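> For reference, the chains in residue letters:
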Amino acid sequence: MKRAALLVLIGLAALPVREGLGAGKDENLATFFMGRIKYANDNGNDCSSVGEDLMKLVSQASTIRVQEERRLRLTDPQIFETPFLFMNGHDEFVFTEAELANLREYLSHGGFVFGSGCCTNPGFPKAWRREFARIFAGTQIKQIPYDHLIYRSFYKLDRVRSNNGNRNIYLEGLFYQDNLVAVMCEDGLCCAFSANNNCNMGKGVDVEDGKKLALNIAVYALTH
Amino acid sequence: MTAHLVFGFPLGWQIGLPIAGALLVTMAWSLRRDGLGWWRVAALTGLRSVTLLILAFLAGRPTWVSHEVEAPNKNSVVLLMDHSESMSLEEDHQTRYARAVKLAREQVLPALKAAGWQTDVLLFAEDVQAADGAQLVAAKPDGRRTNLARAITRALSASAQPPLAIIALTDGAANEPSENSRAVAALVDAHTPFIGIGFGSDTGVQTLTLRQAEGPPTAPPRQQFNIGARLEVVNAEDLPAFDLLLMRDGQLLKHKTITAGKGSRSWVENFPLTEEAEGTHQYAVQLMPPVAHGLTCVETLATTTVRITNEKELRVLYVQGALTWDYKFINLALHGDPMVKLTGLIRTSAHSVFRQNVESAGELLGGFPSTLEEMAPFRVVVLSNLRPSDLTPAQQEVLARFCSELGGGVMMIGGAATFDSSWQGTRLEQLLPVVFASSRGVVGLDRPFHLQLTDEALQHPVFQVADASGNRAAWDRLPTFTEYGRVDAAKPGAQVWAFHQDDMGPNGRRILMASQRYGAGLSAVLCVQNFWRWRLAKESDPQTFDRFWRQLFRYLSESSRQDVAIHFADQELRPQADIRLVVEKQPAPKNVTEPRQNFVVLVEDGQGKKVQEQTLELSVGRPVETSFRAEKEDMYTVKVLDAHRVLIASRSIQIRDVNMEFQDTARNMEQLQQWASISGGLALRAEDCHGTGDLLSQIKERVEQSHHDRLTRKPAGVNGGALGLLLGCLSVEYVLRKQWSLP
Chain A
1 MKRAALLVLI
11 GLAALPVREG
21 LGAGKDENLA
31 TFFMGRIKYA
41 NDNGNDCSSV
51 GEDLMKLVSQ
61 ASTIRVQEER
71 RLRLTDPQIF
81 ETPFLFMNGH
91 DEFVFTEAEL
101 ANLREYLSHG
111 GFVFGSGCCT
121 NPGFPKAWRR
131 EFARIFAGTQ
141 IKQIPYDHLI
151 YRSFYKLDRV
161 RSNNGNRNIY
171 LEGLFYQDNL
181 VAVMCEDGLC
191 CAFSANNNCN
201 MGKGVDVEDG
211 KKLALNIAVY
221 ALTH
Chain B
1 MTAHLVFGFP
11 LGWQIGLPIA
21 GALLVTMAWS
31 LRRDGLGWWR
41 VAALTGLRSV
51 TLLILAFLAG
61 RPTWVSHEVE
71 APNKNSVVLL
81 MDHSESMSLE
91 EDHQTRYARA
101 VKLAREQVLP
111 ALKAAGWQTD
121 VLLFAEDVQA
131 ADGAQLVAAK
141 PDGRRTNLAR
151 AITRALSASA
161 QPPLAIIALT
171 DGAANEPSEN
181 SRAVAALVDA
191 HTPFIGIGFG
201 SDTGVQTLTL
211 RQAEGPPTAP
221 PRQQFNIGAR
231 LEVVNAEDLP
241 AFDLLLMRDG
251 QLLKHKTITA
261 GKGSRSWVEN
271 FPLTEEAEGT
281 HQYAVQLMPP
291 VAHGLTCVET
301 LATTTVRITN
311 EKELRVLYVQ
321 GALTWDYKFI
331 NLALHGDPMV
341 KLTGLIRTSA
351 HSVFRQNVES
361 AGELLGGFPS
371 TLEEMAPFRV
381 VVLSNLRPSD
391 LTPAQQEVLA
401 RFCSELGGGV
411 MMIGGAATFD
421 SSWQGTRLEQ
431 LLPVVFASSR
441 GVVGLDRPFH
451 LQLTDEALQH
461 PVFQVADASG
471 NRAAWDRLPT
481 FTEYGRVDAA
491 KPGAQVWAFH
501 QDDMGPNGRR
511 ILMASQRYGA
521 GLSAVLCVQN
531 FWRWRLAKES
541 DPQTFDRFWR
551 QLFRYLSESS
561 RQDVAIHFAD
571 QELRPQADIR
581 LVVEKQPAPK
591 NVTEPRQNFV
601 VLVEDGQGKK
611 VQEQTLELSV
621 GRPVETSFRA
631 EKEDMYTVKV
641 LDAHRVLIAS
651 RSIQIRDVNM
661 EFQDTARNME
671 QLQQWASISG
681 GLALRAEDCH
691 GTGDLLSQIK
701 ERVEQSHHDR
711 LTRKPAGVNG
721 GALGLLLGCL
731 SVEYVLRKQW
741 SLP
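Chains as they are written, first to last, in the numbering used here: chain A, 1 to 224; chain B, 1 to 743.
Bound-form chain B, shown alone:
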């Protein structure tokens, strides 16, 4: 063993020593000045110098570092054999597993035997088991997952002493990463090198996969919709034609022959369908694998469920006292959304009304609805450029009932012409989330301003207009606006979404966007004139504007109509797993009056058989997480029932046993190299193993290196001897000073 001293804080002694020297000189000079004899000065200075030297030394945080060459405690090596299903892939007329067994028998095991090392063999896939030679040969590569980390942990913990090395024969395509950190820590602690030998080709094999079946969640009767089959071909240069079958509720419905073409690609094959009657159907797409040598069909069946319903699309009534460009741009935003339909009701002259997208010739012929029945087909009403004289008190009352009783959304949008002080004290003002200002300010003096979203808004689903990382930036890129409507304050309980960047009102910065619950519905305001500038601006992405409006209308129309929301957690969905879900009671009037209620969460499988039932107490704003066990592949439906077992909400989820082993069939040497590098090991391609001797020398080199490289560190100077010397010097100095009557 060799050792040397290192200082963790060398500056400590580098500064400490000169200071100590200076102190000693000063002390000696002071003692001489007091008339002390030379030998007494020397004695006291010597004692003090020992004390100061010890302190300066310790200030440098000295440590003994030693390289230990530890003799191996045990002459054993663990051989991990991967028998997951990806090892069954054939390349050059031989499976990866067969090649691994051959290499183990012809090179690895003889090499280990020649070195005099005992070899323990572990077969691993999703789990680990010990095996002897016969079991190794007889084993089938059929494991559904590859958990290399678990195999490493098991290899390290199999005996009291860690093995000299862990050698893994695998394709490296480990797909269970959950135990990786535990295995890494164990491997580093044990100083055991990981030697990975990779099998398979780096490009993978030819695969044809039916990734999933896609369909709309709902479709109206007698209207065409598509069931799509998402297909993927990898590494197949010339794939023969194959068949796709479409089944509805287990019965064959359609069939089509697909000519895949050349090269790797992913595409969707559509089956156009029309259903006559309402109901829920399960559509299954079955891929009939073509006969092609070397081709592996990974997934051949996928299902999706479509509810055929007459439920109409979300209708938005946009009412304007005069035409504005906002209407046009919002109309554009909704173009690509077949479920949101904008109906315009706009006064274009003193005696004419412009109606757009009405359902019948008579709809809205009399202008703004004056009964709840006329209003009922709409889910959201937007008001712009209206004066109180444009809406009679009776019409305002209908609007308030539409919001509070029917759960509709009401929104007011515009600038000073819209947020006019004459609305003060009206029924409309009562239902909106803001208090109107008495004055609309000096029109025309507004400076260009930015919209500043509140933190609540940035977290709100309505405002997610770009992916999570770019959302705030997308809002920051909004152009400046020029005019806005003044409101004085938000009402109690209202949620403010955006402020003016600096303009102050009587209650702080001016509010530009806000919403509140009103009865069963929601109301909102957007106090910005010419909000369309966002979409037209050169630097903006029109899709962000479009997304905002679609989300806003959905929020205003839907949130209050569902009492309980069901969300599935972000997780891998597969059979024999716990499927986590969150149920949350939504804010709604009846939920406010009954803050805590018991609900039944019922989970059914595809045949309507009960899988789980539990009672949960839910309250607004307190989501409750629960889970159910999905034992098999199936379509599971989660239902939330109230105390009278009335269905409140439901959501379906398909659990498929996706073959993870064939998701990526290429050999993953990178993963093997990572395991090797953290443990001082080695990653080799199987084709690079040339002979027993060469392999053995490489393994031996890594084993020896890992044992040579052990370093031990011990703090120096922090021990009883140093402390005793320190105290002894101080004590002797104290005694001498007493005897010589020195201070």
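Okay, chain A solo, but in the shape it has when bound:
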């Protein structure tokens, strides 16, 4: 009896989520689908609901029809069917050569990667900068200034303030043939739009700014 009640409760809880995702009857017509990637030693589960929360955000704020996230390894051929990849994490990582080769091909064919450090841990951003700079010879990760379109692709953001200290938060990105193909925010962006900054412990991006920034990144990826 308890078990049946639990199942009903789970079912009821799932309903609004699916509506929110915009899946419904048009699921097969979805235009936004996202790959949540497992990479190096990371199993792609850091702050586990963050991927779905990003999809929900995109769905609620726009007419974009979205699908559930796909869990993929970076070496998986399916990444070439998924034009938007999301990766986050807490710790240091090192890409394998196979992962680097796949990413190189993926990004040069038009794919896009959105990375976010979890809980403002410094390990992930540091590794992201180093590893993404290895993808294309002679390239470096650059700070993206506020006059870039990514800050106004959906919401207009003149600047993004940090919750602690008197400083601005900038996205950082990898450019390939003058196109921005990968972005990363080190200041716990995923925890801002997904977990109300609970784990950022007073640091990181403001929740509202975080949501706007995440949606801007998604719309930018869809239009550039």
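Heads up, some of the hints might be wrong.
[Stated by the list, open to error] In silico DSS-like pairs for lysine-lysine, Cα to Cα no more than 25 Å straight-line:
no.: 1; chain 1: A; residue 1: 156; chain 2: A; residue 2: 142
no.: 2; chain 1: B; residue 1: 632; chain 2: B; residue 2: 610
no.: 3; chain 1: A; residue 1: 38; chain 2: A; residue 2: 56
no.: 4; chain 1: A; residue 1: 38; chain 2: B; residue 2: 538
no.: 5; chain 1: B; residue 1: 632; chain 2: B; residue 2: 140
no.: 6; chain 1: A; residue 1: 156; chain 2: B; residue 2: 341
[Said to hold, decoys possible] What the simulated footprint calls covered on chain A by chain B, stretch by stretch (three residues with Cβ under 8 Å from a Cβ of chain B suffice, anywhere in the stretch; the number is not a length):
no.: 7; region: 76-82
no.: 8; region: 105-115
no.: 9; region: 209-222
[To be verified] The following residues of chain B were derived to be distant from chain A, with all beta-carbon distances above 10 Å:
no.: 10; residue: 92
no.: 11; residue: 132
no.: 12; residue: 281
no.: 13; residue: 405
If you're looking for bench data, these hints aren't it; they were derived computationally from the structure. As the structure is a computational prediction, the values presented were derived from the model and not from experiment. Just so you know, even glycine gets a beta-carbon here, dropped at the ideal spot from N, CA and C.
Since the structure of chain A is provided, determine the placement of chain B on it from the hints.
Chain B in isolation, oriented as in the chain A frame:
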């Protein structure tokens, strides 16, 4: 003369003989059984055996092959002396031609004289002329082409009997191949060996060449563009600095000093320019040759024409009901094409519209254009993920007028959400090339499928995404797609470009791509959801995707705006040549109503002087080839005028006298060896000719061998004797059988 018998079909007699034997035994046994005496059986069997033996022999296709040693009919040899300009190149302080004359005087002519052979000398370059000793020495190596084939043909036809041998003193760099096959046939028929003696080094000489001047066909005023000079250095190890001058309409504009560096290479030197006003200018780049010993400057002047115009780039308006990845990937495809600009108009939420690449703050602020004036800046409109409620009937009418009156292109792209049955009967459906389906099918049940291009599409310029040999393979490599929009049929006159691989609709396989003319413009559909998968796919080359979209937008925007197209045939462009061109009337509404029209094709030189004028009757789909004579180096402009002498189309072409002789300055022994091998001759390097005796013995050996090697073939057995014997045996047998009352 020795001869032997060979069988062309030995199996004929090998099988025929046993069969004949069996038939004879059977016949003899049958005759004996009928009670015929032994001598009569022997007579009839003998007669029949002769007949059968003849037939078995003939079944083997016997041929007499004989080696004839033909006594030379004439003791003459032709000496060909190459005096083309490449023979003027100096190596070791002596020109190739001077070395050839020296070898002729000191070795070749004495050797031929010692053999008792008469020598006829022919000087050749682009043409051939007889010469005596004095003319040989006085001749200058200044011919503009090397036509070795013509010289060989002339040597063979100069007298009734072919010469014993043809000896050519040349660098082998023949650059007129058009008469080669004729010369080869003549050489083989005459059994005359070709002896080629090659002069020059195998690496060629040091050259500095201004290959061409490059510039954009059009450029806007007050915007920087480049005039590039494509330079090439060959074999020059340490080239001194030299100057390049840029002239505009004959006036010096800029100057730069070039430090070429070391080694052979090809590179472009750019002159950045900005023009203030509209107009057409001719830019000439002049190379000032450096002073360097042994360096030859092949071409020193090149020109190009640029039209300075305010004409704006091709603008594409991409309208979406919701964001799709196709927009992003098409945007990427157009990144490298400065002349195609994509403007996005996308509904991102119920109350917000995303505008990208608008020209002004107010452009498209009200959403989809509702007047023709708002639509006019665009040349192509792409629709995706829209429902009829997204476009009012008035906006659809504007779109239809944009296509039919302004000659714009309209394209609809997407899957089931785009090709929705609710579009049926709308103004938009009228202008598109397909009939929308009543049902969009069971969404989600589509199996992965391949796009199958029609043969027409594979021939169409839009679909040439790789070089000719790899184009079909490039399309075959497209990934599978997962969803598509259903349409029922193509409209009459529409051109279907692609089908679903197997899914059948009410009128055959489902159409996935099609286009049609609508008024002055073109409309097209691409009924595939997530077409971007092509670019992202691991195994695909993104450049093929990019090329397809650039070509498609150009086609949708431009084809209907030009009534007549002018194409130049693939040919060598040089002065004193006939320049072939094709003019073709393009399908367009006014051309349809007037299927045949007279047009004037006017050709002008660089000074605007009329070179040729002719009237041609043109009709759609029937290209007409014509030509004009380009007498001199110049920029020629071909103009097509209508009956009222209004300019319909024009195209310019530069004719330069490119020095073919210095295109490749290395000695070409391979070419000499080819001529020698087909004629049983010999190819020698000049430095390998050691003394008169040695040379003479080699030439004599080839001459004798060519005459020894003549084989003649005559069929054996097919003659009157064999036929008479055959008929005689049959007749005698017939008579004997009659007398002996045999059947």
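> All hints are to be evaluated individually against the structure, with a verdict given for each.
Now the hints, each set against the structure:
1. At roughly 21 Å between alpha-carbon atoms, residue 156/A and residue 142/A fall within 25 Å of each other, so this suggested pair holds.
2. As the CA atoms of residue 632/B and residue 610/B are separated by approximately 14 Å, the hinted pair is consistent with the 25 Å bound.
3. Of the supplied pair hints, the one linking residue 38/A and residue 56/A holds, its CA atoms being roughly 21 Å apart against a limit of 25 Å.
4. Proposed proximity of residue 38/A and residue 538/B is supported: the alpha carbons are some 19 Å apart, at most 25 Å.
5. Annotation: proposed proximity of residue 632/B to residue 140/B holds, straight-line Cα distance about 23 Å (limit 25 Å).
6. Distance hint between residue 156/A and residue 341/B is fulfilled; the C-alpha atoms sit about 24 Å from each other, no more than 25 Å.
7. For the region 76-82 of chain A, the proposed coverage by chain B is satisfied: 3 residues have a C-beta within less than 8 Å of a C-beta in that chain, meeting the threshold of three.
8. Counting residues of the region 105-115 of chain A whose C-beta sits closer than 8 Å to any C-beta of chain B gives 6, which meets the bar of three, so the coverage hint holds.
9. Using a Cβ-Cβ cut-off of 8 Å, 3 residues of the region 209-222 of chain A lie near chain B, which meets the minimum of three, so the contact claim holds.
10. Residue-level check passed: residue 92/B sits 47 Å from the nearest beta carbon of chain A, beyond 10 Å.
11. Under the 10 Å C-beta cut-off, the non-interface status given to residue 132/B relative to chain A holds; the minimum distance is some 68 Å.
12. Non-interface call for residue 281/B relative to chain A: holds, since the shortest CB-CB distance, roughly 31 Å, exceeds 10 Å.
13. With a minimum CB-CB distance of about 31 Å to chain A, residue 405/B clears the 10 Å threshold, and the non-interface call stands.
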